[in-house]
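> Here is how the chains run, residue by residue.
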Amino acid sequence: MDWFPLLNSLRIAGISTAFIFFAGLFAAYYIAKTPPVVKGLLDVVLTLPLVLPPTVIGYALLRILGPNRLVGAWVLHVFGVRLTMTWWSAVFATSVVIFPLMYRTARGAFESFDETLAYSGQSIGLSNTYIFWRIRMPYCRQGILAGTVLAFARALGEYGATSMVAGYIPGVTATVSTTVYQLWRTNDDALAFRWVTVNLAISFVVLLAVNLIEKSNEKSKPDRYRM
Amino acid sequence: MSIYVDIEKSYGTFHLSVQLDAGDETLALLGGSGSGKSLTLKCIAGIERPDRGSIVVDGVTLFDSERRIDLSPQERRTGLVFQNYALFPHMTVLENIRAGARREPDAKKRTDSVDRIVDRFGLGCLTGHTPAMLSGGQQQRVALARILVSEPRILLLDEPFSALDGHLRHRLEDELKQVIESFGKTVVLVSHNRREVFRLSDRIAVLEEGRVGAVGTREEIFRNPGTRSGAALTGCKNISRIRRKGDRLVEATDWGIDLFVDAELADDAEQKEYAGIRSHDIAWAGHANSGNPPENVYRFDVLDEIENPFSYTVILRAQGQSDAEPMQWDMDKPAWERIRTPSVDVCLPPMSILLLKK
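Chains A and B, in that order, are what the protein sequence lines are.
This note's numbering puts the first residue of the first sequence at 7, with every later residue one more than the last.
This note's numbering puts the first residue of the second sequence at 666, with every later residue one more than the last.
Keep in mind that the hints were calculated from the coordinates and are not lab data.
Treat the hints with care, since some could be wrong.
Said to hold, decoys possible - Partial pick of chain B residues on the chain A-facing surface, computed with a CB cut under 7 Å: (1) Ala710; (2) Ile712; (3) Gln739; (4) Phe747; (5) Ala989.
Here the structure is a predicted model, which means the values were calculated and not measured.
No residue lacks a Cβ here, since even glycine has one placed at the ideal position from N, Cα and C.
Chain A extracted, bound-state conformation (with noise of 0.2 Å):
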C-alpha cells in the first residue's frame, strides 16, 4: 500500500491548521472589539464556508487562483508559479473550510473570558502581548485546543474543495479522500476499503481527544474557583 496520500493529508491538514490557528484566534480577538454591526457582519462573512457546499468554495477559489484569474495570474507571471493542482494548493482549500471552525471555537472560548483578569493586569503594568499569550490564551487553551483538532480532523477529511483545485494526481497531489473516491470510481473495492478504515481510525482519535479536552475542561475549569 503507497501511503503517500496519508502523509499527503497529514501535511495539508497539518499546515493548513498551525496558519489557521493564528488567524482564527486574531479574527476572533479582534472581530470581538468591533462594533455591533461590523461584528454581525463579518461573523456571518466568516462563517459563511461552514454552511456552504465545499464544491463552491472550490469554485470560488478558482476563480481568484486560476491560472487565467485575477491572482493566480499575477503569480504566475511575477514569480512564475501555478497556485493550482499542486499539493499544497490544497492548503488553500482546507484552509478556507476549517477556518470557521477555528474562529467560532475561538470566539466561544474568548467570550467565557473573565475580563477583569486583563484590566487588573493592565492596572499592574503587563504589556497587552503578555496578557494575552500568558493570561487570555492559558485561561482559554482548552476551548481553543479542542478547536484546533476539530479543524485539523476537518482539514484531513476535506475532499470537495480540495479535489477542485488540487486535483488528483497519484503521488503528487493525492490525499486520503480523493484516493478513497478515484479507488471506488475505478472498482478497487478492497483498497478503497482500506483507506476508509484508515480514514475511520484517524476520526475516532480524534473525536476522542477532543472529548478528553473537554472533559478536563470540565474538570479545571479556572474560573470555577469560589471566593
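Please arrange chain B on chain A, whose structure you already have, making use of the hints.
Chain B only, in chain A's frame:
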C-alpha cells in the same frame, strides 16, 4: 500626592458627571448599585474612557479630553483592586505577585521587592498555591500584594469586602486599614457598605445617579448626609417629606406630625424637601412629665416589634394618623422588655432631625 477628577460619561440613558479631589487620604465613594461609583473607578484606571473632562494624579495628567491625553492603563499606574480580586487562576500565588513586579527592569530589585512583599503579607507558606486553594481573605491579601509590588501612584479599591463572609470582614478591615496607612498615598475606595466606609475612609463622597450628592469628612457625612439617598446610604431608616410651617417648624407629611428642627439647620431649609431621623436617635419620653415638655414628643402606636440579636426594632405610627408611614425605632433589648406597651411616648430630638435635599 493627590487625585483630581472631573469627568462626564454617558452610557445609554445613564449620565455620569463626577468631580472629586483628594490628597494623602482615603476618599470613599459611597453609593448604591447603579450610582456610577464603579464606573468612576474604571475611568480613573483607564478601563473606561470618559466622554469629557480630565483626570490628574500626583500632577500627572492621565486623561484630558481637550488636550487629547489618554494614557493607557499601564502608563497610569493606578492600582485597581477588583471586587473579585481578579487573581490569575492558572498561576501560583508567587507567579501572581511576580507578574506585578514585571515593570521593574532590574532582576535583582524585582526579586527583592517580591520577597519583601511576600514577607510583609505573610504569604510565605502560600507561594505555591493557586488562587482556587485560598480563602477569600488570603485572595485579598495576594491581590493587595500584587498591586503594591507594582508600585502604583494611587490605590483604587472596588468593594473590597463584597466577596467575603460577614464574620471575616471585621478582621480584614483592620488588615486593610494597616495596608492603607503604610501605603500613605491617595486611596479611593468604592463601597455601598456604610460601616466599611466609616471605618476605612477619611472623607466620603456620596454618589447618586451618576452625581456627587455630598462630600465631607466621614463625621460630617454621617452627621448630616445632605440628601435623601445620602441619608439612606448612611443608614437612616426614617425619611419623610416635609412642608415648611414656620421658622423652625416643619410638617413631616408622611409621618403626620409637626417637627421642630435645629435652628442651625433651619437656616437653609428652603430647598430641603425631606426630614430624616435615625432609628437609634429616637428617644423614649415615657417619664418626661416633669418640667418643660421637650419639643417633638408624640404618642405613637406600636404596630410591630422585630427582634434583633441585641435590640428591638419597634415599628411606630403616630397615634390617630392611620394613613401615616410607620417609623422604625431601635431600642435596647432590656429597656424595651421593661416598658413594652401598645402605645408609647417618644421624642424626636430637634438636633437629631436631618433636613435633606432630594
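> Against this structure, judge whether each hint is valid.
We went through each hint and held it up to the structure:
Checking Ala710(B) against chain A by beta carbon gives a least distance of about 6 Å; that is within 7 Å, so the hint holds. Because the beta carbon of Ile712(B) sits about 5 Å from the nearest beta carbon in chain A, less than 7 Å, this interface hint is met. Interface hint status for Gln739(B): upheld, as the beta-carbon distance to the closest one in chain A is roughly 5 Å, under 7 Å. Restraint check, Phe747(B) versus chain A: the minimum CB separation of about 5 Å is within 7 Å; hint holds.
For Ala989(B), the interface hint is violated, the least distance from its beta-carbon to any beta-carbon of chain A being 43 Å, above 7 Å.
Going through the hint list in order, the structure does not satisfy hint 5, though it satisfies all others.
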